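There are 2 protein chains.
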Amino acid sequence: MLYVEQLLTLFEAYRKDHPFRGPVPELYEPARYLMELGGKRLRPVFTLAVHQLFRNQLNEALPAALAIEVFHNFSLMHDDIMDQSPLRRGKPTVHSKYNINAAILSGDWMLIHTYEILNQYKSKLAQSIIRLMNETAIKICEGQQRDINFETRTTIKKEEYLDMIRDKTAVLLAAAARMGAMTAGASEEDQKHLYHMGLNAGLAFQLMDDYLDAFGDQTGKMNGGDILQNKKTLLFIKTLEKANDEDRKALLDLYEGREEDKVPKVLELFTRYGAGDKLKALSQEYNQKASDALAAVEASSSRKEILNSLLTELLKRNI
Amino acid sequence: MLYVEQLLTLFEAYRKDHPFRGPVPELYEPARYLMELGGKRLRPVFTLAVHQLFRNQLNEALPAALAIEVFHNFSLMHDDIMDQSPLRRGKPTVHSKYNINAAILSGDWMLIHTYEILNQYKSKLAQSIIRLMNETAIKICEGQQRDINFETRTTIKKEEYLDMIRDKTAVLLAAAARMGAMTAGASEEDQKHLYHMGLNAGLAFQLMDDYLDAFGDQTGKMNGGDILQNKKTLLFIKTLEKANDEDRKALLDLYEGREEDKVPKVLELFTRYGAGDKLKALSQEYNQKASDALAAVEASSSRKEILNSLLTELLKRNI
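Read top to bottom, the protein sequences are chains A and B.
Under our numbering, the first residue of the first sequence is numbered 3, with each subsequent residue one higher.
Under our numbering, the first residue of the second sequence is numbered 3, with each subsequent residue one higher.
The following block holds chain A by itself, in its conformation from the complex (with noise of 0.2 Å):
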């Protein structure tokens, strides 16, 4: 059994062993940059560790680990060219370093290369993986549209939110933790809980980024990124449900405008009505449902235990 920190230099180590290469240079090199500027690789990790809890084949597990971070990136630079974005991780998007051609012909090839990879098991394993891809592949991108979507609509409700961030970020996590449990043979049932763990972990997760971008985050991003760009988080949706008539107005004018101290204003109304202490609380519930569904599959506790302590740390953020 290794430890959160093992498999991430495992997965390093077999990630730097596979490097994207061929006969067209330009077409990689956006693709390296991207995955050079690190992340927390949490995918990856989450199908290694998951694959552990049942057999310790970890060479098994890899392959899907490195697809599910590829299609991460590939994701990763598309998202950023629709929305505009300068940075990623601190650094230029490769859009802003590149161009928009660049992103969108190397991301095109990182999605086809997550494809070359799952297609490495063998045939019956493959099969089911690339279901899994697919089903999955599709919902991001459903989950992209419906945030598209969101971009010029007024009022979101709570649960049409939550489908939105169910589909664009958690159900890659949920995928995630299913192939490992795959790539070890585990039984359907297990795989099914596996499942529901990654997906409220995922959601965890994302509610956690959209709080610590207003309030607080060491990930380099600027805060109140999205209050910038007007994304209607959970923190809008719940102060423009609370807000009085006045407030209502004045968070509404605020999104509306690009006024100097468009942040700080809008943190104070988020703070007024409670909206940052409701996500935390929700991002905690999903955690917890999250641990729900690890306890419910049929490995030791002590083969768990790397598990919660990821389920722990991610809402911590320390990983």
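Treat the hints as calculated values from the structure; they're not laboratory data.
Just so you know, these numbers come straight off a predicted model, no measurement behind them.
One thing to keep in mind: the hints can contain errors.
One copy or two, it doesn't matter: identical chains are merged, so the pair holds either way.
[Claimed, not checked] In silico DSS-like cross-links for lysine-lysine, where the CA-CA straight-line distance does not exceed 30 Å: (1) Lys234 / Lys99; (2) Lys124 / Lys93; (3) Lys126 / Lys194; (4) Lys93 / Lys194; (5) Lys233 / Lys99; (6) Lys306 / Lys233; (7) Lys291 / Lys159; (8) Lys194 / Lys124; (9) Lys159 / Lys280; (10) Lys306 / Lys251; (11) Lys234 / Lys291; (12) Lys126 / Lys318; (13) Lys99 / Lys306.
Using the hints provided, position chain B relative to the given structure of chain A.
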């Protein structure tokens, strides 16, 4: 045995029976729009016609035919963004009609959907077909990148240009043909012959496309589109190679500038050095290679009739 028209009708019925659908309509609508613009359906017809060389179970070939056409439309959608093309088949391109983000995301969805369709086959066949799809899709990205690289280079060698169009367009017709053979359980050797048939037919087709873009066109595109976009086709390369110093300078200057009668002036230079005739001759050479590859396949000559007529029609551009 079905004739080309019947294969096309069969394909269109199958395609319409498998509409793009799901919970977020804005995602599939741009894909539907592009697919409905029509086109020759050359690739799926090849898949079906090749399948018929060996078997009459066209139901087995239809998913591969659809996947290939969906992939083709994905690549058109993203290429049109990269090339900033306003029109496709005489109608607004997806990014012009909707917006760039819609064209990126709906294109991504189509690429994933390609794999969804192919993953329906039984696991061993699915794995082989997906492997071919991956290799093909990666070559197509590489071909597009080569094409982009040419934009900032002055001199391109003939072989480099042929490599580019081989990767960017011919490999998809080759894969379409081979998938027809795979779904019919053809031998490895026949699969290879048919891949080469498709590859050479694809080269012949693209060269004829370049010719028609310059000298005459019934496809609804504006004449001289490639020239206006400074595309370094073989017409340009051949003329540059043969021209005297004065004409070479004139051609390079014309490609640098945007003068109003750029197209007729460039065409006059192409004609003066016989570049059009050379291009047509080369296209016919590749078409002959395609016919030779078909001749080598173990199937009765009566079964080959439809494909032989397809190869002939391809150059006449009657289909």
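Are any of the numbered hints broken by this structure? If so, which, sorted upward?
2, 4, 6, 10, 12, 13
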